[in-house]
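There are 4 protein chains.
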Amino acid sequence: MADLLWPGDERAGDVFDDAAFLAAMVRVEEAWLGALASAGVGADDVPLAGVVGADDIAALSAEAEAGGNPVIGLVRLLRERSGSRWVHRGLTSQDVLDTALVLCLRDALDAVLVDVARCAGALAGLARAHRGTVMAGRTLTQYAVPVTFGLKAATWLSGLADATDVVRRVRAELPIQLGGAAGTLAAVVELARDSADRADPVEVVAGLVRRVAGELALQGGVPWHTRRTPLTSAGDALVTLADSLGRIGADVALLSRPEIGELREAAGGGSSTMPGKANPVLSILLRRHALAAPGLAATLHTAAAAYIDERPDGAWHAEWATLRTLARRSVVAASQAADLLAGLVVEADRMGARAAENAETLTAEQRSMSGMSGRDGAAGAYLGANDLIIDTVLERAGRLWKDLA
Amino acid sequence: MADLLWPGDERAGDVFDDAAFLAAMVRVEEAWLGALASAGVGADDVPLAGVVGADDIAALSAEAEAGGNPVIGLVRLLRERSGSRWVHRGLTSQDVLDTALVLCLRDALDAVLVDVARCAGALAGLARAHRGTVMAGRTLTQYAVPVTFGLKAATWLSGLADATDVVRRVRAELPIQLGGAAGTLAAVVELARDSADRADPVEVVAGLVRRVAGELALQGGVPWHTRRTPLTSAGDALVTLADSLGRIGADVALLSRPEIGELREAAGGGSSTMPGKANPVLSILLRRHALAAPGLAATLHTAAAAYIDERPDGAWHAEWATLRTLARRSVVAASQAADLLAGLVVEADRMGARAAENAETLTAEQRSMSGMSGRDGAAGAYLGANDLIIDTVLERAGRLWKDLA
Amino acid sequence: MADLLWPGDERAGDVFDDAAFLAAMVRVEEAWLGALASAGVGADDVPLAGVVGADDIAALSAEAEAGGNPVIGLVRLLRERSGSRWVHRGLTSQDVLDTALVLCLRDALDAVLVDVARCAGALAGLARAHRGTVMAGRTLTQYAVPVTFGLKAATWLSGLADATDVVRRVRAELPIQLGGAAGTLAAVVELARDSADRADPVEVVAGLVRRVAGELALQGGVPWHTRRTPLTSAGDALVTLADSLGRIGADVALLSRPEIGELREAAGGGSSTMPGKANPVLSILLRRHALAAPGLAATLHTAAAAYIDERPDGAWHAEWATLRTLARRSVVAASQAADLLAGLVVEADRMGARAAENAETLTAEQRSMSGMSGRDGAAGAYLGANDLIIDTVLERAGRLWKDLA
Amino acid sequence: MADLLWPGDERAGDVFDDAAFLAAMVRVEEAWLGALASAGVGADDVPLAGVVGADDIAALSAEAEAGGNPVIGLVRLLRERSGSRWVHRGLTSQDVLDTALVLCLRDALDAVLVDVARCAGALAGLARAHRGTVMAGRTLTQYAVPVTFGLKAATWLSGLADATDVVRRVRAELPIQLGGAAGTLAAVVELARDSADRADPVEVVAGLVRRVAGELALQGGVPWHTRRTPLTSAGDALVTLADSLGRIGADVALLSRPEIGELREAAGGGSSTMPGKANPVLSILLRRHALAAPGLAATLHTAAAAYIDERPDGAWHAEWATLRTLARRSVVAASQAADLLAGLVVEADRMGARAAENAETLTAEQRSMSGMSGRDGAAGAYLGANDLIIDTVLERAGRLWKDLA
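Chains as they are written, first to last, in the working numbering: chain A, 1 to 405; chain B, 1 to 405; chain C, 1 to 405; chain D, 1 to 405.
Rather than coming from a laboratory, the hints here were simulated on the basis of the structure. Take these hints with a grain of salt, some might be off.
As the list claims (entries may be wrong) - In silico DMTMM-like cross-links for lysine to aspartate or glutamate, where the CA-CA straight-line distance does not exceed 25 Å:
#, chain 1, residue 1, chain 2, residue 2
1, C, 402, C, 347
2, B, 402, B, 173
3, D, 402, C, 173
4, B, 402, A, 391
5, C, 402, C, 173
6, A, 402, B, 56
7, C, 402, D, 173
8, A, 402, A, 391
Note that this is a predicted model, so its numbers are computed, not measured.
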């Protein structure tokens, strides 16, 4: 998926692209077909992988409008080409589409988490290396009191840790969707009435659902066909990550300004007309993602609240591309952030020089405080609990990312 | 806070209103002042509660613009009226304002959780009572296969359980904000240099922070002055709840249509011109909240991503009213939903009659399934795992809300 | 309406507050009652102004939930207190509420336009005064080529002109809402059957609608009870203005950074703990509004798309408070911007000195261009069409705001 | 651009796809190069069309990240392959990218307007044909008073007319972006110093800009490099259209419910498991678009407000894909709506029968009104100004779409 209008998109590779989504749908159908056969419910266990492929995407896309989703055409193709009339029996389109969404989302989250760990490693290194690198703290754009760049890096890391907590939680709880036409699993229970061992068909089906969930390594549980928390939570997690990465981008872009010059991207981006320009491109692209992500996550909520009936009249359809866009962009952003942080140039001397030049301003509060007790305010660096805060954040990071411990 | 334009607003009472917010700020200042004194850092431990009050709101509001927030004026008043020059020493505006936001947010979440438990109780009752109440399942607006109203209630309950999980998690993790001017706690560490026992001032301060957090019953931890996950997570939790309640409202409003008539609010709302009209008002007001909530939660994310420096240039200020609006409306909606569900009239006969009338349509899939194995498809209610799903949801609800067990 | 959490809110005074909204509703009822009488349709023409007032707000708000809106209770009060049973005859709640929304919105737009004109005056002055004030142009955070501060002011003015165009258009097109229970005006046509002159009742009603529209100085036309373009367009106009003001705030806040120091607010905001701090408070508060406005305008669209039936099940109710919040904040922001721009301090010397110091960088493109034709690149200020662009913008501004011409 | 996750996407064909965007960028460069030569500023007037093509997209996309946008790589390719060193001289990346966005947007708007006219034709026909087709009016989900289906169609048409007004206005005002590195046009003015006739270089450039604008049939005017009203207005126009189409979809989906059955799509969509299902697929897909569009338009505003400097640090980059997605989906939706409306089946008998069955309820207001004057309320159809409103809407439509007159 090249995309001229989202520079860096190729970092997401084929994660959640049309071919990946098609393959995920086929994987769901195949796992189901196999489980039917194993349970003695269906008769066939034919392989489906490879039965359809990238060449079918255009036709399936075009056909999708007629039924409102691409599953109907897919099932037809799979039945025709595999020769099995048992394909999809007991399922509904939403089972296949939702579970495929979840599988593709998982791939995206996994890619994200790998790069977030790279970010965390870089940030932990920066926090450690620069715990004594004094710089001007700034609030509401103006000089405030001194901080260290290590503290800033630790604060970034702390935000990344928060985001990682929520992304991992969503990752761990990704559920399979198996509910049949209206969430009762009635069709497969009906089929299971004739299963080989004449067991209670509901129990047969419960086992079948567990088996498919296990095969796809997803959580089981009750259908979520009209309860979209799994998707809204994923959206919230990804936008939380976008906030965290976007803030890093915003801070780096700001501190890379020539008048400030305290940070620098390893390789700045050039210009089509101005020689010698070095723009903080990765920071800018992170910030771009953070500007666009909240609207996407909000759309998932708007849709979730409109889930009437046993399948709604548009809310379901609004989620798919929205989730995909958010997921792919998250993969891109995490990767860009990891590169940005790995190569970030810290101009510690400039930070220190500026703090020194503005010492009068930066220690105004200190003098005011020491004046409270009649002491002379000239004592020390005025960094407060800088080290303790950095250590606390690093300790948490060590628990979250083992190789940082 | 009367509000002509948000009917039901009075259900939120004084939760998070201006007076409550002012009181929360004072509570923070008082806890801090007391902790300073206890730690031997400050000299005074004067009571602050009652020193300012509702009569001061207009003046403090008007004064807030000059400094950008209401804390500066508040501190001046507190010092003047209490006579203590130690008020606020070591703090910054953001510490007071953020912690007060969190305290007010907690009151809102607590109110929400009480009414959500009422909702859960009503829903569990409906799920149990109507596990055998067959009704038409509908997908994409059309008849699909049979479901039960108990299953629908269980699905609503399941969404509420998801929302409760996230709201409770946010509630349990609400953190105090204590970081000083730029998140280093430098001012209070400076003050603590002169504390009575000459201990390591950073340790003194760490203890002081723990003490204030304990007194306010908030989590301690590192400052989150530029890492806004506590607020964005609260926003996400509340919009997740709004989705869940909004969906119930949408379903009830739909099923209350005269052509369907399967549900009815206990007391429908009237009209200014049409005698005898009975509108599903509570459902409509729930849906209203769900339509407006996603934009508010998204704003919290947009702001969070713009948190440059040690305090940003507008993003902080954008959060306050946004969070308050979302929180108060959540209290209102949870209360309305509890009333709605407590009084919901289920027209079980009409559900059953409709299902019977449309049996041909509703069992088309069943015939198709049983045809797969050559059986006659007339067998049974075609409700699949209805009971198992309801039981699974009720079991989860019993773990979440103990009195449901 | 004091608001501790939206500093500056008092600038909006009583525009669109509950009392103003109540008065607007009464004004609609009164105009209608008078028109009924004039047309010989109703019997009474009693004055309604003053019949209800601020003391009734709490009770009307509380009562609003039962019917879903505050009109039902209002009509009851008006009939009781005025003694006229003709009050509201032929209207529906939506007629009164929507028209009152429009009236309050108009007051807000008028207030906005007054302050926008102040902004325009200040900007035109800055553009003229600083057309030769050279400063560094910056793109993607880095030095680019020279610009002038006059050009920057002209660009801000240009954005304000765009926003003014759309706000004025919305202002000019504000429509009355008169449609009756389902948009057919059937009730009043029914009443008009008995009008004195036995004219065609539809013509009587058409005249009556024109009369009320004329009295309220609103546009007539067909009902827009389920076509919400008047409100979404207002939202879009106000968010367009917010963009424009927010960008000014963002630029001023940036250029007020101590490392840059090219602009300064006349009166910077202070700190609760740091002596001597001068924050660009007005800029920050403008930016705050711009961060929060898009979510509000988007909610109006989300609602508009959900306008099923002849009055929808929640979408209508979601608009009221959303529109009010956006409108009041727009009044506040326009006023703050006018003050900001009136007092903006331009550090022209510092701009010039920085441009001179960085001449090598700022003229890299110039050398590259002149090198295309083999010329020596040292020629002139490299300001291109600076003057022409400023003049073009000023000319447009002169057409938009006559006192600028 | 096949898209499995946005059924119907192929309706947008190649509008605004990567190849179209690339071609648009090349068209801008070519027009500029030709204008340079004509003005005697540049030396070459070589053809650029066809110099790059679809095969270059992947490489250009991948290369785009380094500079943050695809123009830098494109310029390199164009210079290499065309042999002209004059390509892009005087421009900046933003000139090319923004103008190409506008060109692609125009194609999308044109496609939209064609299909909106089809919608209008169908709606005018429905309004005329069904001006006497009585049906139950419904408010807040409940029966209100009678309306006609013609009136409903007219109301839909009225919304479409509003949207058309704003879309056409945006279409007519689409501006070229030509400003150079920082919006001063300095580079091209520099080049024009050596133009053949030694005219005032600013005048030469003004003519050159007019010429290129004319060739691309865009409006000229001052640069809008940091004033994004052209794009936010386009977003607002498209979401206004989405509201209008989404409302039609919501109404059709609702009235297609089996319990109501008053409308029906010509060809309903099927199910992957339930034989005989006929879902209102086009309505559902319209509603999908309307649910997702507001978040996209809001993102354009959020970005616009963040346009600091002479080119911002991320806000520009956030617009491109957002605008494209919104534009393509608008083309899809307009086309789907046109098909939906062309084939809409109106069950006039069922409408009439329901109105008759519920006459008691639907005329409650009528009896109340006629009771005001002591008349017997049994008079007539209680349709008020139904015909007048329909005629007024049709008259407006006749002005907007000439073939409807």
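Going through the hints against the structure:
1. Of the pairs offered as hints, the one joining residue 402(C) and residue 347(C) is violated, with about 29 Å between alpha carbons and a cut-off of 25 Å exceeded.
2. A hinted pair counts as satisfied when its Cα atoms are at most 25 Å apart, and residue 402(B) with residue 173(B) qualifies at roughly 21 Å.
3. In summary, the hint linking residue 402(D) to residue 173(C) is supported, as the alpha carbons are separated by about 23 Å, within the 25 Å threshold.
4. For the proposed pair residue 402(B) and residue 391(A), the alpha carbon gap of about 40 Å is over 25 Å, so the pair is violated.
5. The suggested pairing of residue 402(C) with residue 173(C) holds, with an alpha-carbon distance near 21 Å, which does not exceed 25 Å.
6. Under the criterion of a C-alpha separation no larger than 25 Å, the hint pairing residue 402(A) with residue 56(B) is inconsistent with the structure, at around 52 Å.
7. At most 25 Å may separate the alpha-carbon atoms for a hinted pair to count; residue 402(C) and residue 173(D) meet this at roughly 23 Å.
8. Straight-line distance between C-alpha atoms of residue 402(A) and residue 391(A) comes to about 16 Å, which keeps the hinted pair within the 25 Å bound.
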